[in-house]
Amino acid sequence: MYTLSQLQKKIPGSEIIHCEQPDIVKIENIITLHQDLPNSLSYASDKSYLKNALECKATVVMLPKELGEKVNRPTLLVPNVDFALIEILNLYFPPEKPKGERGEWLVIKPGAEIGENTNLGNFVSIGENTKIGKNCIISDGVKIGRNVRIGDDARIGPNCVLFDGVRIGDRFTCFGNTTIGGDGFRFVESNRIQYKIPQVGSVWIGDDVEIGSNTSIDRGGIDDTVIDDGTKMDNDVQIAHNVKIGKGVIVAGATAIAGSAVIEDYCKISGACAIADHITLPSGTMVAGGSGLRNTPPKADLYAGWDWNLTIREFQKFRANLKHMLSLNLIVRRIKDLEEKLGIPDKK
Amino acid sequence: MYTLSQLQKKIPGSEIIHCEQPDIVKIENIITLHQDLPNSLSYASDKSYLKNALECKATVVMLPKELGEKVNRPTLLVPNVDFALIEILNLYFPPEKPKGERGEWLVIKPGAEIGENTNLGNFVSIGENTKIGKNCIISDGVKIGRNVRIGDDARIGPNCVLFDGVRIGDRFTCFGNTTIGGDGFRFVESNRIQYKIPQVGSVWIGDDVEIGSNTSIDRGGIDDTVIDDGTKMDNDVQIAHNVKIGKGVIVAGATAIAGSAVIEDYCKISGACAIADHITLPSGTMVAGGSGLRNTPPKADLYAGWDWNLTIREFQKFRANLKHMLSLNLIVRRIKDLEEKLGIPDKK
Amino acid sequence: MYTLSQLQKKIPGSEIIHCEQPDIVKIENIITLHQDLPNSLSYASDKSYLKNALECKATVVMLPKELGEKVNRPTLLVPNVDFALIEILNLYFPPEKPKGERGEWLVIKPGAEIGENTNLGNFVSIGENTKIGKNCIISDGVKIGRNVRIGDDARIGPNCVLFDGVRIGDRFTCFGNTTIGGDGFRFVESNRIQYKIPQVGSVWIGDDVEIGSNTSIDRGGIDDTVIDDGTKMDNDVQIAHNVKIGKGVIVAGATAIAGSAVIEDYCKISGACAIADHITLPSGTMVAGGSGLRNTPPKADLYAGWDWNLTIREFQKFRANLKHMLSLNLIVRRIKDLEEKLGIPDKK
Numbered sequence: 096m097y098t099l100s101q102l103q104k105k106i107p108g109s110e111i112i113h114c115e116q117p118d119i120v121k122i123e124n125i126i127t128l129h130q131d132l133p134n135s136l137s138y139a140s141d142k143s144y145l146k147n148a149l150e151c152k153a154t155v156v157m158l159p160k161e162l163g164e165k166v167n168r169p170t171l172l173v174p175n176v177d178f179a180l181i182e183i184l185n186l187y188f189p190p191e192k193p194k195g196e197r198g199e200w201l202v203i204k205p206g207a208e209i210g211e212n213t214n215l216g217n218f219v220s221i222g223e224n225t226k227i228g229k230n231c232i233i234s235d236g237v238k239i240g241r242n243v244r245i246g247d248d249a250r251i252g253p254n255c256v257l258f259d260g261v262r263i264g265d266r267f268t269c270f271g272n273t274t275i276g277g278d279g280f281r282f283v284e285s286n287r288i289q290y291k292i293p294q295v296g297s298v299w300i301g302d303d304v305e306i307g308s309n310t311s312i313d314r315g316g317i318d319d320t321v322i323d324d325g326t327k328m329d330n331d332v333q334i335a336h337n338v339k340i341g342k343g344v345i346v347a348g349a350t351a352i353a354g355s356a357v358i359e360d361y362c363k364i365s366g367a368c369a370i371a372d373h374i375t376l377p378s379g380t381m382v383a384g385g386s387g388l389r390n391t392p393p394k395a396d397l398y399a400g401w402d403w404n405l406t407i408r409e410f411q412k413f414r415a416n417l418k419h420m421l422s423l424n425l426i427v428r429r430i431k432d433l434e435e436k437l438g439i440p441d442k443k
Numbered sequence: 096m097y098t099l100s101q102l103q104k105k106i107p108g109s110e111i112i113h114c115e116q117p118d119i120v121k122i123e124n125i126i127t128l129h130q131d132l133p134n135s136l137s138y139a140s141d142k143s144y145l146k147n148a149l150e151c152k153a154t155v156v157m158l159p160k161e162l163g164e165k166v167n168r169p170t171l172l173v174p175n176v177d178f179a180l181i182e183i184l185n186l187y188f189p190p191e192k193p194k195g196e197r198g199e200w201l202v203i204k205p206g207a208e209i210g211e212n213t214n215l216g217n218f219v220s221i222g223e224n225t226k227i228g229k230n231c232i233i234s235d236g237v238k239i240g241r242n243v244r245i246g247d248d249a250r251i252g253p254n255c256v257l258f259d260g261v262r263i264g265d266r267f268t269c270f271g272n273t274t275i276g277g278d279g280f281r282f283v284e285s286n287r288i289q290y291k292i293p294q295v296g297s298v299w300i301g302d303d304v305e306i307g308s309n310t311s312i313d314r315g316g317i318d319d320t321v322i323d324d325g326t327k328m329d330n331d332v333q334i335a336h337n338v339k340i341g342k343g344v345i346v347a348g349a350t351a352i353a354g355s356a357v358i359e360d361y362c363k364i365s366g367a368c369a370i371a372d373h374i375t376l377p378s379g380t381m382v383a384g385g386s387g388l389r390n391t392p393p394k395a396d397l398y399a400g401w402d403w404n405l406t407i408r409e410f411q412k413f414r415a416n417l418k419h420m421l422s423l424n425l426i427v428r429r430i431k432d433l434e435e436k437l438g439i440p441d442k443k
Numbered sequence: 096m097y098t099l100s101q102l103q104k105k106i107p108g109s110e111i112i113h114c115e116q117p118d119i120v121k122i123e124n125i126i127t128l129h130q131d132l133p134n135s136l137s138y139a140s141d142k143s144y145l146k147n148a149l150e151c152k153a154t155v156v157m158l159p160k161e162l163g164e165k166v167n168r169p170t171l172l173v174p175n176v177d178f179a180l181i182e183i184l185n186l187y188f189p190p191e192k193p194k195g196e197r198g199e200w201l202v203i204k205p206g207a208e209i210g211e212n213t214n215l216g217n218f219v220s221i222g223e224n225t226k227i228g229k230n231c232i233i234s235d236g237v238k239i240g241r242n243v244r245i246g247d248d249a250r251i252g253p254n255c256v257l258f259d260g261v262r263i264g265d266r267f268t269c270f271g272n273t274t275i276g277g278d279g280f281r282f283v284e285s286n287r288i289q290y291k292i293p294q295v296g297s298v299w300i301g302d303d304v305e306i307g308s309n310t311s312i313d314r315g316g317i318d319d320t321v322i323d324d325g326t327k328m329d330n331d332v333q334i335a336h337n338v339k340i341g342k343g344v345i346v347a348g349a350t351a352i353a354g355s356a357v358i359e360d361y362c363k364i365s366g367a368c369a370i371a372d373h374i375t376l377p378s379g380t381m382v383a384g385g386s387g388l389r390n391t392p393p394k395a396d397l398y399a400g401w402d403w404n405l406t407i408r409e410f411q412k413f414r415a416n417l418k419h420m421l422s423l424n425l426i427v428r429r430i431k432d433l434e435e436k437l438g439i440p441d442k443k
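Residue numbers (our numbering), protein chains in the order written: chain A, 96 to 443; chain B, 96 to 443; chain C, 96 to 443.
Incorrect hints may have been included.
As the list claims (entries may be wrong) - Selected chain A positions facing chain C (in silico; Cβ < 7 Å):
| no. | residue |
| --- | --- |
| 1 | Thr127 |
| 2 | Tyr144 |
| 3 | Tyr187 |
| 4 | Phe188 |
| 5 | Ile203 |
| 6 | Lys204 |
| 7 | Thr268 |
| 8 | Gly277 |
| 9 | Phe282 |
| 10 | Val283 |
| 11 | Arg287 |
| 12 | Ile317 |
| 13 | Asp318 |
| 14 | Gln333 |
| 15 | Lys412 |
| 16 | Gly438 |
Stated by the list, open to error - Mimicking SDA-like on lysine to any residue, the simulated pairs with C-alpha atoms at most 20 Å apart in a straight line are:
| no. | chain 1 | residue 1 | chain 2 | residue 2 |
| --- | --- | --- | --- | --- |
| 17 | C | Lys418 | A | Pro169 |
| 18 | C | Lys418 | A | Val427 |
| 19 | B | Lys412 | A | Met381 |
No lab work stands behind these hints: they were computed from the structure. Beta carbons: idealized from backbone N, C-alpha and C, even for Gly.
The whole structure should be built from the sequences, with the hints applied where relevant.
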């Protein structure tokens, strides 16, 4: 627990206003603008929430510096609210530091190596010749196959499964029940029987990647499925075999990316999207929530809508014309009336 | 196993017709109208299945009272077929009663409390200071974090994961591989690097909630993700952080609800739907299967279609006009012909 | 590791061309056309990749016989590249053969039977009276309920869950965190309370079925959910209760099939699709990626698009008319101009 003054000292460039004794104002709770807890700090990232911030029940609000003149209550002004919030949350909720703890009922196969300070939870199995880096937290029930590589500082949540040969960089995070390295989905048909093509590639994941819960990432057919540095993926995402995801990509929840699609660096795909197989999203492409892309878009842009490959501007036109679509029958009727009036014979 | 007479006595207000010796008619199998098993009872909830009910191979059919006059075969007439079916199925397939059994290879951390009669399966881990109520069944492989609260009469299926601090009311049910309390998906970008905002809220689940298999429910960022009393959720559902789901809500399979959406009481969201972030579904809103809502709808209604925010009536108009959309090029051609005939110059 | 000559002898009807000493050409790596590894064999299934095959860096390329005349580099000509590839991959990556190994921390309940040579991984639990065939691999963390039947040669991936009474044929495969036999999602409402209808059917799966990771297959309400012989299903698929899937069906990733839908034999449903409840896809129906079907289609065809029940040809017309939809307001304007010119009064 910190006083307001102590917090202020942790945030470079910050300033306290309208507070007479910041040394004795205790901040015990970090809250949202609609919560009501004593000794609390709330926050608003920009002026769109200014009114709520002025009216909220928090003891102190944290706001961006440029809003300082509009405030008349105890306020912590900071250069960037989001980054200050990260700082403060890490103070109040310090991330768990692994100390080399071992859970019960472990299976560590010959040749497996576990780095310094890495925690292993209960019911964990680690296959032959798998190497796990230092300062990792491998949670209860995680099943790791053979010849897997995991870098330093990983956080692998309960009951996740990493199949043989998966390679992951440093600072990897994933949550519960996620599966990495199951076989790609590829069959050849003959006489109505589907013959499986062995999936002998693997999954390569770079540094600083986060993956949510109940997400599946398939191994490649021959070469690897790739998820490059800094990419963040949410829950319930399906990544098919041989997908190549670049650096710093965002993939929100319940999105599916089909086989061999290429998602170039810094793309942002919102939730509940579908990306077709073998297409390429140019670097920086954004896809609105609930949108589908069936074709490679001509250039990086914000695309929206499911069946259309439309940019957001085109999609907005589409939506604006919706009322006409609902009455196309009347439009056709009017044309027919005009044709009759002019003696143009019926086309049908 | 019961005779028809015995069954009849279990269903208040029921009556047997066209059956001479209901005391010796044994009902061994509860079947659907298209199955064929001896000593069986089948059922139809309303008159739309009456013909099938009259022709089916069951020994006895169960029908609503108001259909009694249309029947000429051994029939159990009941006030409400669905509720009678629940009664009968619970007789033939009595739910398992926990008796305080303990599986093998358990990890119960200090401060954890397990209520009377609660069963713990095999390979279960329960974190520090977690409290589980009485008469629960915690299945094999369930991983429960620290400071979790679970009320009485819970049924938690195999390999489910509950992260630290999740709080759940009484009579909770979930099936396999479901994950509750993984981090919300929230990053702040600076220089193309995504910085994680710590997710320090939790998940609060009320009484009488059921959740399916392979579903993910994220913890809140600061305050909680909420799922209120009596809400039922299917498999493969994705609930993002800070979603607030009211009482008695239905969310069918493969639906995704994005961050901070509010689903008010008694909404019914069918399968394969997507609900955008930060929008509110007014109490009682219904969403047809495979539909998306990107905006807060103006009022409770039945919405349908993916990209449109249309009510079902508008959506039906849309579908009815589809044939015109497929030939809009011809419609435009006809307008151009009219314009030429009238000497209106080409607009392009 | 094999020489090119040795490989050629494994593929009936194959032939080596443009290679002087195939007995000393070693093939150590099987690669895709864009990889670059020494002593390697790459492949192209048809002429669309011929140019890439001629230019690729592999030591040897494998091509269909009919392309033999167009090649001027060391080539293995084969009757069918896909099947030759399966042959070669199985040589280089021979599937694991179970030998009756037992992992640690097993729970095998009374009456359970495990067939000859079947491997059980670590942390596996097998319920009362469950019978598992021979030559199976049951991976770490798999939880199998009571009275389950699994045929011979199954491969069940880590942390999969099979609920009580599930019956599966021979040569079954599934990957990680898949759940089979959770309750169907069926409630009856009274006074805004949802009452659960007990789900007492089960899941019946035929021979040669493959299922991916994080997929959910619900048990039937009264009779079974059925997945017939030779059907292949990908990751993150949701199969609701009482769905009947025929033989040789393909269901790609992130597709959801709602309750009681019937998918007849040899249907092919691509990824990210939704199939409504109670509809029937006639045998051989195909559904393009990201498509939804709300109604039973009139006949087997290739359907595409989410909200429309359109065949692919109709869908293409729809897409072709998209530009007109974006400017329907202008089209309506033009009609109004015509009406004015002709003195037709405003309809509104």
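Hints, one by one, checked against the model:
The criterion of a C-beta within 7 Å of any C-beta in chain C is not met by Thr127/A, whose closest approach is roughly 29 Å, and the hint is violated. The criterion of a C-beta within 7 Å of any C-beta in chain C is not met by Tyr144/A, whose closest approach is roughly 35 Å, and the hint is violated. Of the supplied interface hints, the one on Tyr187/A is violated, with its beta-carbon coming no nearer than about 33 Å to a beta-carbon of chain C, more than 7 Å. Evaluation of the Phe188/A hint against chain C yields a violated restraint, the C-beta minimum of about 28 Å exceeding 7 Å.
The criterion of a C-beta within 7 Å of any C-beta in chain C is not met by Ile203/A, whose closest approach is roughly 11 Å, and the hint is violated. Among the interface hints, the one on Lys204/A is violated; its C-beta lies about 10 Å from the nearest C-beta in chain C, farther than the 7 Å criterion. The restraint placing Thr268/A at the interface with chain C is violated, with a minimum CB-CB distance near 18 Å, outside the 7 Å limit. The beta carbon of Gly277/A is positioned within 7 Å of a beta carbon in chain C (closest approach about 3 Å), and the interface hint is therefore held.
Satisfaction of the interface hint for Phe282/A is found here, the shortest Cβ-Cβ separation to chain C being roughly 6 Å, below the 7 Å cut-off. Nearest Cβ of chain C to the Cβ of Val283/A: about 4 Å, under the 7 Å cut. The hint holds. The restraint placing Arg287/A at the interface with chain C holds, with a minimum CB-CB distance near 5 Å, inside the 7 Å limit. The interface hint given for Ile317/A is met, as the beta carbon of that residue sits about 5 Å from the closest beta carbon of chain C, less than 7 Å.
A cut of 7 Å between beta carbons decides the hint on Asp318/A: the least distance to chain C is about 5 Å, and the hint holds. Against a cut-off of 7 Å between C-beta atoms, the interface hint on Gln333/A holds, since the closest Cβ of chain C lies about 4 Å away. Annotation: interface hint on Lys412/A holds; nearest CB of chain C at approximately 4 Å, less than 7 Å. The interface hint given for Gly438/A is broken, as the beta carbon of that residue sits about 12 Å from the closest beta carbon of chain C, more than 7 Å.
Straight-line distance between C-alpha atoms of Lys418/C and Pro169/A comes to about 55 Å, which puts the hinted pair past the 20 Å bound. With a CA separation close to 18 Å, the supplied pair Lys418/C and Val427/A stays within the 20 Å bound. At roughly 32 Å between alpha-carbon atoms, Lys412/B and Met381/A are farther apart than 20 Å, so this suggested pair is violated.
Against the hints set out earlier in the document, violations occur for numbers 1, 2, 3, 4, 5, 6, 7, 16, 17, 19.
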